Amino acid sequence: MTAAMDKKAVLLFVLVGALFIGTGFLESWNTTLGIFNMALVSAIMALGVNMQWGYAGLFNVGVMGFVALGGLAAVLVGMPPVGDAWAAGGLQVLLGLVLGAATIVLAILIYTKMPPTRARIWAMIAVLVLGFVIFRAVFDSGVALVEAVNPAAEGYLGGLGLPVLLAWPVGGVLAAGAAWVIGKTALGLRSDYLAIATLGVSEIIIAVLKNEDWLTRGVKNVTGIPRPVPYEVELQASAWFTDLSARLGVDPVAFSSVTVKLCYAGLFIIVLLILIWFSEKAWNSPWGRMMRAIRDNEVSAAAMGKDVKSRHLQVFVLGSAVVGMAGAMMATLDSQLVPSSYQPLRFTFLVWVMVIVGGSGNNWGAVLGGFLIWWLWVMVEPIGYDALVFLTSGMAEGNWLRDHLLESAAHTRLLTMGLVLLLVLRFSPRGLIPER
Amino acid sequence: MDVLNAIVVLLNFVIIPATAYGAQLALGALGVTLIYGILRFSNFAHGDTMAFGTAATILVTWGMTGLGMSIAPLPTALLALPFGIMVTMLLVLGFDRVVYRFYRRVKAKPIILVMVSIGVMFTMNALTRFLPGIGVDDIRFADGERFLISVRTFREMTGLEEGLAIRTTQAITVVVAAICVVALFWFLNRTRTGKSMRAYSDNEDLALLSGINPERVVLITWLIVAALATTAGTLYGLDKAFKAFTYFQLLLPIFAAAIVGGLGNPIGAIMGGFLIAFSEVSVTYAFRKVVGYLGPADWQPEGMIQLLSTDYKFAVSFSILLIVLLFRPTGIMKGKSI
Chain E
1 MTAAMDKKAV LLFVLVGALF IGTGFLESWN TTLGIFNMAL VSAIMALGVN MQWGYAGLFN
61 VGVMGFVALG GLAAVLVGMP PVGDAWAAGG LQVLLGLVLG AATIVLAILI YTKMPPTRAR
121 IWAMIAVLVL GFVIFRAVFD SGVALVEAVN PAAEGYLGGL GLPVLLAWPV GGVLAAGAAW
181 VIGKTALGLR SDYLAIATLG VSEIIIAVLK NEDWLTRGVK NVTGIPRPVP YEVELQASAW
241 FTDLSARLGV DPVAFSSVTV KLCYAGLFII VLLILIWFSE KAWNSPWGRM MRAIRDNEVS
301 AAAMGKDVKS RHLQVFVLGS AVVGMAGAMM ATLDSQLVPS SYQPLRFTFL VWVMVIVGGS
361 GNNWGAVLGG FLIWWLWVMV EPIGYDALVF LTSGMAEGNW LRDHLLESAA HTRLLTMGLV
421 LLLVLRFSPR GLIPER
Chain V
1 MDVLNAIVVL LNFVIIPATA YGAQLALGAL GVTLIYGILR FSNFAHGDTM AFGTAATILV
61 TWGMTGLGMS IAPLPTALLA LPFGIMVTML LVLGFDRVVY RFYRRVKAKP IILVMVSIGV
121 MFTMNALTRF LPGIGVDDIR FADGERFLIS VRTFREMTGL EEGLAIRTTQ AITVVVAAIC
181 VVALFWFLNR TRTGKSMRAY SDNEDLALLS GINPERVVLI TWLIVAALAT TAGTLYGLDK
241 AFKAFTYFQL LLPIFAAAIV GGLGNPIGAI MGGFLIAFSE VSVTYAFRKV VGYLGPADWQ
301 PEGMIQLLST DYKFAVSFSI LLIVLLFRPT GIMKGKSI
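Keeping their order, the protein sequence lines are chains E and V. The opening residue of the first sequence carries number 1 in our numbering; numbering runs sequentially from there. The opening residue of the second sequence carries number 1 in our numbering; numbering runs sequentially from there.
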């Protein structure tokens with residue numbers, strides 16, 4: 001609100017910008033842009049988590065799961081369909097899924113419509129058991145047929161073959177759907193239940209991505225997701241590009257990879273700006289004030305006639321959708337879906353550290369946290385290693401303590417993240433750019 | 001129809017492993033539920049407390065075997081366990097002093113404490129991995145006699161087609177867990193300190209009025225939790241193998257067990273542990289052989305008769321958790337709801 005605070009925020013952004021530019025001069029612009037692009041994606045994730053935590057005080061420990069759902073969207077939208085697999089058993093797999101869903105819907109209908117007698121329980125159990133048997137019979141044989149199609153390169157259904165940019169909103173929708181189910185069950189209960197439920201659902205989403213080969217090729221990974229930007233080789237082969245790099249006096253190969261990264265950065269910046277604009281509008285609207293009122297005192301907000309549970313559900317779904325969109329953007333940037341690369345430390349807790357350090361309840365703070373913490377995350381390991389080399393330089397070569405410390409440098413990230421989280425929560429719980 | 005063999009298969013692959021696993025989960029869930037009852041937050045660092053305790057025990061075990069100490073046929077780790085517990089107690093008390101005490105004093109919201117516990121979780125995880133020789137790999141540290149009853153002796157004894165094996169570690173798990181639970185309940189119900197802990201858990205204000213020292217209650221709780229966590233972790237590690245990341249993943253079944261049983265309710269935690277373990281093992285076990293023995297002779301069912309692949313074992317605890325949250329949020333045994 002005050003000019004002094006805005007000045008501080010601008011100064012912090014300039015400082016973080018200087019970190020990136022410094023890296024550019026000291027290492028290479030290619031590396032810096034790589035870090036910068038992922039920092040943009042991280043900033044969007046942090047915006048989503050800030051909606052849940054900063055606006056409403058909801059603690060989502062399953063960010064990783066929503067990110068992974070976004071990645072799944074990139075595969076389902078961007079990859080070309082595998083015709084043979086569809087011919088072999090695609091429809092059967094879909095039929096199986098529909099039957100499974102129908103079973104659950106029927107069970108819910110029985111539960112809600114029938115009078116609460118013993119007959120209701122038996123009817124539900126009968127429907128669920130019978131439905132499960134039919135579902136497995138149809139689904140399993142379909143899956144076997146699909147996975148048998150050229151397993152070395154395909155063995156899955158592929159996607160829709162649509163422009164991959166469409167995957168970004170679709171990723172948001174997938175994540176929102178999962179969030180709705182979780183929110184519906186766990187919101188309105190004690191505050192830690194949401195944390196535990198989201199922790200669980202993220203583990204399960206990762207398990208599904210790792211094991212359902214017909215959907216994601218499992219641990220065989222999907223690579224080569226089409227790009228929304230040109231390929232390096234295309235650039236190098238085109239006359240205007242070689243001409244341009246000759247005029248600038250730079251190596252065309254290195255310049256092409258910088259150009260591709262700049263294209264991604266442009267796309268991501270557009271998305272980030274749109275999201276910030278919406279978030280700021282929402283924060284300053286009557287809706288935003290209502291959310292803060294609910295967060296700060298649920299009882300009095302409920303007394304004023306606000307529906308706490310459905311407002312919580314709303315903001316939880318919205319925040320998860322933003323995270324899912326960021327997940328789809330990340331898979332697009334990497335051009336691949338590697339289910340085993342989704343680690344809770346990297347995708348859940350790191351995003352949390354970003355939000356807390358940046359300033360929970362402040363959209364600009366979350367974005368700043370995204371940039372700063374991602375830069376630290378990439379840089380801590382080499383810096384930690386160098387520091388250990390320096391500290392142990394007095395010890396003899398082959399000293400066991402020295403060897404052990406250098407070996408453990410890989411775990412410095414965990415320690416740093418834990419300590420940063422603890423220190424910020426204790427000494428500066430409002431973060432670098434506090435809530436206004 | 002061959003009921004005896006079917007029962008043996010069932011015992012060997014479902015009931016015995018699930019009992020051991022259930023005992024380990026129950027000890028873990030007891031720790032979570034005690035912290036919840038006394039300090040009133042869900043401790044996300046519990047899995048990593050178990051990991052640290054186990055790692056400390058492993059280090060002491062290695063030291064002891066290096067000196068040639070052993071209590072064969074029992075694994076040396078049992079001898080090392082008290083020392084591991086002591087180290088973990090020191091660490092946990094250190095964290096309470098440096099980290100948690102501040103938030104108790106400012107009466108922070110439970111959700112802030114949950115976040116703080118996540119910071120502690122990271123730090124502990126890193127400390128565990130920094131310990132010499134621990135790192136990130138699988139470590140097996142069970143020595144001594146491997147089997148109480150091996151498949152061959154069982155077959156020779158009974159003349160049945162199917163064998164039954166009881167590993168020493170499984171037997172030890174159940175015995176040690178039973179001793180821990182009995183000791184814990186004796187402490188909570190019979191001793192003055194234990195009663196003051198229960199009083200504090202039931203009604204903090206009344207407990208403070210009657211002169212119970214809250215810091216002392218908290219201190220004792222952390223000591224008990226460190227002992228339970230180290231024991232649970234060591235038993236799990238003896239039974240399977242030690243790996244820091246696996247212990248982080250155990251957090252979900254442990255929380256599920258504590259919530260299913262009713263957070264803050266020790267008896268519920270034990271029941272929850274066994275419920276989760278039995279569901280997890282039986283849902284992911286292929287019942288092909290069992291059904292084959294129960295059917296007509298020379299007949300085998302076509303499929304594996306496995307409800308879910310073992311990769312989805314987390315889904316089992318999660319589904320149970322969701323069902324309980326939907327229909328009975330305070331758990332089977334009544335726990336705290338606020």
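Take the hints with a grain of salt, since some may be wrong.
Computed list of lysine to any residue pairs in SDA-like fashion (alpha-carbon distance at most 20 Å, straight line) [what the hints assert, rightly or not]:
#1 E:210 to V:314
#2 V:313 to V:109
#3 V:109 to E:434
If you are wondering where the hints come from, they were derived from the structure by calculation, not from laboratory data. Source: prediction; values computed, not measured.
Structure-based check of each hint:
1. Between the alpha carbons of residue 210 (chain E) and residue 314 (chain V) the distance comes to roughly 13 Å, so the proposed pair stays at or under 20 Å and holds.
2. A C-alpha spacing of about 33 Å is found between residue 313 (chain V) and residue 109 (chain V), which places the hinted pair above 20 Å, so the restraint is violated.
3. At roughly 19 Å between alpha-carbon atoms, residue 109 (chain V) and residue 434 (chain E) fall within 20 Å of each other, so this suggested pair holds.
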